[in-house]
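**Q** If you read the sequences in order, they're chains A and B.
Heads up, the numbering used here is the position in the first sequence plus 346, with the first residue counted as 1.
Heads up, the numbering used here is the position in the second sequence plus 346, with the first residue counted as 1.
No lab work stands behind these hints: they were computed from the structure.
From the three backbone atoms N, C-alpha and C, an ideal C-beta is built for every residue, glycine too.
Heads up, a few of these hints could be off.
A partial selection of chain B residues facing chain A, derived with a Cβ cut-off under 7 Å [claimed, not checked]:
1) 367
2) 369
3) 617
Below 20 Å or equal to it, Euclidean Cα-Cα: the simulated SDA-like pairs (lysine to any residue) are [as the list claims (entries may be wrong)]:
4) A:562 with A:371
5) A:601 with B:454
6) B:601 with A:451
7) B:388 with B:418
8) B:473 with A:606
Protein chains: 2
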Amino acid sequence: MTRKVISYKDGHVYEFAPNMEPIYTAKDGESITFETIDSLNKAVQSDSDLMDAIPEEVNAATGPVAVEGATPGDVLKVEIEDVRLNEEQGRVITAPEFGLLQDHEDIEHPATRVTEITKGSESLLFKDLEVPINPIIGTIGVATSEETITTLIPHNHGGNLDTTDMTTGTIAYFPVFQEGAMLAMGDSKAAMADGEMCGTGAEIGTDIDVTVSVIKDAAVDLERPLVDTGDAWKTIASAETMEDAVEMANEDLIKLLALEHDYSLTDAYLFSSLVGGLEISQVVDPLVTARNSVPSEYFSDPF
Amino acid sequence: MTRKVISYKDGHVYEFAPNMEPIYTAKDGESITFETIDSLNKAVQSDSDLMDAIPEEVNAATGPVAVEGATPGDVLKVEIEDVRLNEEQGRVITAPEFGLLQDHEDIEHPATRVTEITKGSESLLFKDLEVPINPIIGTIGVATSEETITTLIPHNHGGNLDTTDMTTGTIAYFPVFQEGAMLAMGDSKAAMADGEMCGTGAEIGTDIDVTVSVIKDAAVDLERPLVDTGDAWKTIASAETMEDAVEMANEDLIKLLALEHDYSLTDAYLFSSLVGGLEISQVVDPLVTARNSVPSEYFSDPF
């Protein structure tokens, strides 16, 4: 079977919502490719293209793609097999009223630096410095349970998680809130620091190979995204404050650890303080995102 | 010259203050060993030893040690050469009104789990699970500039940073606020997750080999602790909220990056969003602690 390519030109969204119209329906277990445009819709092509404000329509997410058989209460498994750059430069920007140091008087808002990809696509150039390319998917998620949520915001459905683990080799799991799940993704970066401090990574278009499948009757009641990076399992939670986000991520993790090891929540909590730990995804979106990681040797597939 | 061993029995503090009396004066460049007691002063030796509250006198810091020639405005360089366990079990605990999930109704407060060290000291046992031993120094710091700060609190002088990078092979740098710097340390853990969610790691006594030296006329005005782990340089900041802590850590880092690469702060900020990133040290002490990491290939010794 030829692998289906779904392009942002075929359809993309700026909101995750309960009712989403699929542009393609994939079979359970099908391998497909999402072609994405950079988060700023090609508006920034040189250092003189400045963003005076973050646009209302930002983070175009290619899709949504329905997955046959997915119904509310299921878990959608997304194996991220490859994330390839589909253009030869990225861009890292500041914009007014956006970013961790948005009030710093000596930092320009707006500012743009285009980052050229060197031949062979192994690194990008920031001024004179070479930065290794580690493409990640910034926005990835499914139809929401009730609210309509813009692609600038992360929440339980995924969305703008800006999580460096959403990369080649990771398996991502999402709760299914609506028939067909309705997977969409975009907002890729050629490189991004944990935290995404200035508000962006090196924003770039990508082609993303994934295999999607539906998990029925999961032993775990998945409320939020979960990833298996190969080395570690990580819960992912978004909230108004970092304090709330890390609390949710830790609570999600200890529930999983308790189930895996037949531990009390107290034991799971104490154990969680010894291995892996809390990580920061991003601190700049309207809700911030944190992770709680546990090494794979202490945790197996909960589904 | 025989290496001087400074034991908690010789002297320890529960506060970092502007005026501290040294129990030993080291030469600039001297290699010494700090012998530390566990953070709970041996009060917890079995699972039935419960902490009904966090004691006022917690985190005994062995010292302080004056370093000859250190004067305010200098930087104290502490090469952490080895952190060895000096007892055969650690303990991980919860206590009332302490820890990330202190209000969780299904988690016991207090609770204690003693973690035995397996032979060869390569791992500890948490119930049936083996956890690799990675000894870290939880509390390490110098005399403060003005305030008296208990050893339960982290701040610009260091103190209760609970940072997993304070381990064998790391070089830690502290601002010198008082004559002699007055280095003290304790509160070690045999293992700890980033975040220290339940409020402790596996608390344990250690013997710590360090070499201390004084840096004069530093090009960098160091306000807070900085570490060189060999792989990365990391700024470390403590504040009332994670949001404030990561902002301070990022601002400290971009100042260093700007100096290193002759960048504007804007360029340093944009670059900081592409490599390394924000990390969590601990979210449970009266001030929380975060780091901003940059890989060593982009940063050289600023002193």
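**Q** Against this structure, judge whether each hint is valid.
**A** Each hint, compared with the structure:
no.	hint	verdict
1	367	violated (35 Å)
2	369	violated (32 Å)
3	617	holds (5 Å)
4	A:562 with A:371	holds (18 Å)
5	A:601 with B:454	holds (15 Å)
6	B:601 with A:451	holds (14 Å)
7	B:388 with B:418	violated (35 Å)
8	B:473 with A:606	holds (14 Å)
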